[in-house]
Amino acid sequence: MALIKWRPARDLDPLDLLTGFRSELDQLVEKTLSPFRGGRTGLFEGAWVPVVDVFEDDDRVVVKADLPGIEKKDIDVSIQGDTLIIKGEKKQEEEVTEKDYHRLERVYGSFQRVIQLPSKVDAQGIKAACRDGVLEISLPKKEEVKARKIEIGE
Amino acid sequence: MQSTNESPFLVPPVGIREEDDRVVIQAELPGVTRENLDLIVEEDDLTIRGVRPAADEKLRTVYSEHPAAEFRRRFVLGNIIDRGRIEASLKDGILEVVLYKTKEETPRRIEVS
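Here the protein sequences line up with chains A and B, keeping their order. 865 is the number that my numbering gives to position 39 of the first sequence; each next residue is one higher, with no gaps. 234 is the number that my numbering gives to position 66 of the second sequence; each next residue is one higher, with no gaps.
Be careful, since some hints might not be right.
Below, in silico cross-link-like pairs of lysine-lysine (DSSO-like), each with a Cα-Cα straight-line distance of 27 Å or less [to be verified]: (1) A:Lys946 - B:Lys226; (2) A:Lys946 - A:Lys968; (3) A:Lys953 - A:Lys913; (4) A:Lys917 - A:Lys953; (5) A:Lys953 - A:Lys898; (6) A:Lys946 - A:Lys913; (7) A:Lys953 - A:Lys899; (8) A:Lys946 - A:Lys972; (9) B:Lys259 - A:Lys917; (10) B:Lys259 - A:Lys913; (11) A:Lys913 - A:Lys899; (12) A:Lys917 - A:Lys898; (13) A:Lys898 - A:Lys946; (14) A:Lys898 - B:Lys259; (15) B:Lys259 - B:Lys269; (16) A:Lys953 - B:Lys226; (17) A:Lys968 - A:Lys953; (18) B:Lys259 - A:Lys899; (19) A:Lys898 - A:Lys913; (20) A:Lys917 - A:Lys899; (21) A:Lys953 - B:Lys259; (22) A:Lys975 - B:Lys226; (23) A:Lys972 - B:Lys226; (24) A:Lys972 - A:Lys953; (25) A:Lys968 - A:Lys913; (26) A:Lys968 - B:Lys226; (27) A:Lys975 - A:Lys946.
Just so you know, the hints here were simulated from the structure itself, not pulled from any lab data.
With the hints as constraints, model all of the structure from the sequences given.
See the structure below:
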């Protein structure tokens with residue numbers, strides 16, 4: 827675990843202290859749980875972690891996860907509040923013994939990715955589809971968080 | 169990720185296995201379609217190049233774990249590979265390249281009468 831520099835609160839404002847502490851704790855949590863990109867990690871339940879991109883526009887959040895060669899039935903997508911969970915299993919296509927391989931870089935086995943969404947979303951409108959080995963999830967933003975133009979009165 | 173004097177690219181993980189009459193390469197190229205894939209054999213080199221299409225212009229990137237949009241990997245083909253008989257197929261982001269061995273290299277069963 828990387829050492830996080832300890833920065834004592836600069837003033838004694840209790841709110842400042844609380845905010846400072848929390849963001850450092852968040853950083854600590856992020857650094858500890860941040861998965862090794864696309865590879866193996868011991869901290870998640872899975873054997874490997876898929877590479878993910880997150881996009882958004884005014885109406886929705888789009889999450890794309892690299893899941894090459896994985897069938898729909900082996901993928902599980904669920905939402906809990908602002909958290910999206912993608913998990914499943916990557917199975918080997920055919921029965922091949924290790925001795926036949928010159929190189930075996932592809933990782934198999936169970937995977938899990940927990941993604942903190944940048945916005946509140948409407949769970950009812952979530953759509954997910956798999957194409958060319960990429961799982962694309964479209965999550966409509968909740969009405970109340972959509973940007974609203976404010977008219978300036980006279 | 170690697171970069172040379174050209175633009176940076178991602179190196180796709182592969183599985184390479186050998187059977188009696190062929191060598192099979194499986195490469196993970198998620199997001200790549202046939203139109204965006206190039207397979208080039210030049211002398212002893214086999215180069216795989218695939219490009220992931222950019223996201224919809226209207227979308228802003230919150231974060232991306234892909235430092236580059238291009239996959240690239242090069243392999244050196246041994247003399248046992250028949251350059252004229254290479255097959256490739258792409259499905260669900262997995263590219264499978266079948267490199268058949270030359271007839272001389274392929275073990276030939278001799279029927280015993």
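Quick rundown of the hints versus the structure:
With a C-alpha separation of about 19 Å, the suggested pairing of Lys946 (chain A) with Lys226 (chain B) holds against the 27 Å cut-off. Distance check on the hinted pair: Lys946 (chain A) and Lys968 (chain A) sit about 6 Å apart at the alpha-carbon level, within 27 Å; holds. Between Lys953 (chain A) and Lys913 (chain A) the CA atoms are separated by roughly 16 Å; this keeps the pair inside 27 Å, and the hint holds. The straight-line distance between the Cα atoms of Lys917 (chain A) and Lys953 (chain A) is roughly 24 Å, inside the 27 Å bound, and the hint therefore holds.
Between Lys953 (chain A) and Lys898 (chain A), the direct Cα distance comes to roughly 13 Å. Compliance with the 27 Å bound is thereby established for this hinted pair. For a cut-off of 27 Å, the pair hint linking Lys946 (chain A) to Lys913 (chain A) stands: about 21 Å separates their Cα positions. Using a Cα cut-off of 27 Å, the hinted pair Lys953 (chain A) and Lys899 (chain A) holds, with the two alpha carbons roughly 16 Å apart. About 9 Å separates the Cα atoms of Lys946 (chain A) and Lys972 (chain A), which keeps this hinted pair within 27 Å; it holds.
Among the hinted pairs, Lys259 (chain B) with Lys917 (chain A) is consistent with the structure: their alpha-carbon atoms are about 15 Å apart, no more than 27 Å. At most 27 Å may separate the alpha-carbon atoms for a hinted pair to count; Lys259 (chain B) and Lys913 (chain A) meet this at roughly 21 Å. Under the criterion of a C-alpha separation no larger than 27 Å, the hint pairing Lys913 (chain A) with Lys899 (chain A) is consistent with the structure, at around 11 Å. With a CA separation close to 12 Å, the supplied pair Lys917 (chain A) and Lys898 (chain A) stays within the 27 Å bound.
For the given pair, Lys898 (chain A) sits about 26 Å from Lys946 (chain A) by alpha-carbon distance, which is consistent with the 27 Å threshold. Under the criterion of a C-alpha separation no larger than 27 Å, the hint pairing Lys898 (chain A) with Lys259 (chain B) is consistent with the structure, at around 14 Å. Annotation: proposed proximity of Lys259 (chain B) to Lys269 (chain B) holds, straight-line Cα distance about 24 Å (limit 27 Å). The straight-line distance between the Cα atoms of Lys953 (chain A) and Lys226 (chain B) is roughly 18 Å, inside the 27 Å bound, and the hint therefore holds.
Between Lys968 (chain A) and Lys953 (chain A), the direct Cα distance comes to roughly 14 Å. Compliance with the 27 Å bound is thereby established for this hinted pair. Of the supplied pair hints, the one linking Lys259 (chain B) and Lys899 (chain A) holds, its CA atoms being roughly 17 Å apart against a limit of 27 Å. Distance hint between Lys898 (chain A) and Lys913 (chain A) is fulfilled; the C-alpha atoms sit about 11 Å from each other, no more than 27 Å. At most 27 Å may separate the alpha-carbon atoms for a hinted pair to count; Lys917 (chain A) and Lys899 (chain A) meet this at roughly 11 Å.
Of the pairs offered as hints, the one joining Lys953 (chain A) and Lys259 (chain B) holds, with about 22 Å between alpha carbons and a cut-off of 27 Å not exceeded. Distance restraint check for Lys975 (chain A) and Lys226 (chain B): the Cα-Cα separation of roughly 18 Å lies within the 27 Å cut-off, and the hinted pair is therefore satisfied. Distance check on the hinted pair: Lys972 (chain A) and Lys226 (chain B) sit about 15 Å apart at the alpha-carbon level, within 27 Å; holds. Note on Lys972 (chain A) and Lys953 (chain A): the hinted pairing holds, with a Cα-Cα distance of about 18 Å set against a maximum of 27 Å.
In summary, the hint linking Lys968 (chain A) to Lys913 (chain A) is supported, as the alpha carbons are separated by about 24 Å, within the 27 Å threshold. Restraint check for Lys968 (chain A) and Lys226 (chain B): satisfied, since their Cα atoms lie roughly 19 Å apart, inside the 27 Å limit. A threshold of 27 Å between alpha carbons decides the hint, and for Lys975 (chain A) with Lys946 (chain A) the separation of about 19 Å falls inside it, so the pair holds.
Going through the hint list in order, the structure satisfies each hint without exception.
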